[in-house]
Amino acid sequence: MALTEDRVTFWFGCNMLRHAEMIRLSIMLLERAGYDVNTVGGPAYCCGTAHDHQLHAASNMAGRTVSRFNEAAEKDGRGMVVTWCPSCHMHMSDIMAPGNAARFDIAHITELLADRADRLVPLLKVPVRRRVLLHRHMGFATHVAVNDRVASLLSRIEGLVLVEGPAHPGHMCSALATVPGALKKAASETWSAAIANHVDTVCTIFHPCHRELVVLDGRNDIGVRNWVQLVAEAMGVNASDAYRDWRKGAAPDIAAIERADPSRYQSLVEPEIRNAPILPADN
Amino acid sequence: MAQLPPARAATTEDFLAQSGPELAALCTACGACFNACPMVDHLDLRGADPQATTDGLRRLATGQSAPQETVSWVGACTKSGLCVTACPEQSAGLNAMLLVRIAKQRALNATRQLPAKQDPTLFPRLKVYARLQLSDEELNTWL
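Chains A and B, in that order, give the protein sequences. Using this note's numbering, the first residue of the first sequence is number 1, and each one after it goes up by one. Using this note's numbering, the first residue of the second sequence is number 1, and each one after it goes up by one.
If you're looking for bench data, these hints aren't it; they were derived computationally from the structure. Note that beta-carbon positions come from the ideal geometry of N, C-alpha and C, so glycine has one too. It cannot be assumed that every hint is accurate.
Stated by the list, open to error - What follows is a list of derived Cβ distance ranges for each label pair: (1) Ala2/B <-> Gln54/A: 44 to 54 Å; (2) Gly93/B <-> Gln54/A: 25 to 35 Å; (3) Arg131/A <-> Asp41/B: 27 to 37 Å.
Claimed, not checked - To give an idea of the interface, some chain B residues facing chain A are shown, with a C-beta separation under 10 Å as derived from the structure: (4) Leu4; (5) Pro5; (6) Ala10; (7) Asp14; (8) Ser19; (9) Gly75; (10) Cys77; (11) Glu89; (12) Gly93; (13) Asn95; (14) Thr121; (15) Val128; (16) Leu134.
Could you put the whole structure together from the sequences, leaning on the hints where they help?
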């Protein structure tokens, strides 16, 4: 099948599986920007970046994922892989592609949406009266100017006042978790900047940052939203956030836990969603 | 939007094995990447010798053991990327962040100066999250 620039594969990565609503909103935004989207992710599409200690296995994972994207390009005309996760994006660009013959191009979702802002802006009909601090990292700028792209999109929302937060090290919060004190420092600086700038919303760009900060939602009368949720809100689309609700004490409904296997839910998910916030209450 | 680079090896494993010595050969161990790295302060390594630390970077990338300062530093890479533009050899083709990444892999797998950290529960946990939230159709078509 011939490649077309409108047919894309949306590769959401692995850890986004915590945030199903954000995946669905991303698909909605891409579709409203005029793209025909096939969505993939999870362990079967692992890039291998988290497996540096198992080089052979990581290499096989990378080869398998590139093969699948090559097949999507050849058989389904999807010559563009659209990323969400900066780890996946950088790993594909720097390591996977040079080690596997990739027959597709790559773009970050914010690049595609910002490039088709003319199609999206008319849909942003609902004023979002929020003063928003953007939680930023400096790292991914080597590949995509993601902070600028997100700021550009948010600046088109009527009523929304954007304040740029401090630029933290790393490409996202999960990278900082391995360095003693680094993650807490970044979270603390973001929250302090939010208070100092009198914002009512902290906006995350990436999922690990959202995972860390969303438990603080409501503290100091400051909400935490991801950028896709704010864009959706401006389109009048409900942007629920189950992960936020779970982190703040709610639980998935019984039927969902039954479907997922109660024992696995209790051993694998419950400890994470009941984990203490990165910033203590008196921070 | 970017065109991906052409393949230079048959697998990522082969590419990394080939790139480590290539990048190390371009590196002059000037210390600019180390000086630019924001993690150096977090690790309390600002007093370390930048040239000696980055010479260790070259050593690791070629599979040789390196000083502890180098090992600590590469082990704490958070991909801030400031090393990439700080490197005076960038125009010659040296991607400093990739060199650090390869050095870290060598410290894990070749010199074994870094302990392997793995979370065997990651994928099982993500599958539980998927089953908590995704419809049958999403489970079948996305994953």
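Status of each hint after checking the structure:
1. Ala2/B <-> Gln54/A: 44 to 54 Å: violated, 28 Å
2. Gly93/B <-> Gln54/A: 25 to 35 Å: holds, 28 Å
3. Arg131/A <-> Asp41/B: 27 to 37 Å: Since Arg131/A and Asp41/B have Cβ atoms about 31 Å apart, the given range 27 to 37 Å holds.
4. Leu4: This hint holds: Leu4/B lies near chain A, its Cβ roughly 4 Å from the closest one there, short of 10 Å.
5. Pro5: holds, 5 Å
6. Ala10: Constraint on Ala10/B satisfied, holds at 7 Å.
7. Asp14: holds, 6 Å
8. Ser19: Holds, because the Cβ-Cβ distance from Ser19/B to chain A comes to roughly 8 Å (cut-off 10 Å).
9. Gly75: Holds. Min distance 8 Å.
10. Cys77: holds, 8 Å
11. Glu89: Violated, because the Cβ-Cβ distance from Glu89/B to chain A comes to roughly 16 Å (cut-off 10 Å).
12. Gly93: Status violated, d = 12 Å.
13. Asn95: holds, 7 Å
14. Thr121: Holds, about 6 Å.
15. Val128: Holds, about 5 Å.
16. Leu134: Since the shortest Cβ distance to chain A is 6 Å, the answer is holds.
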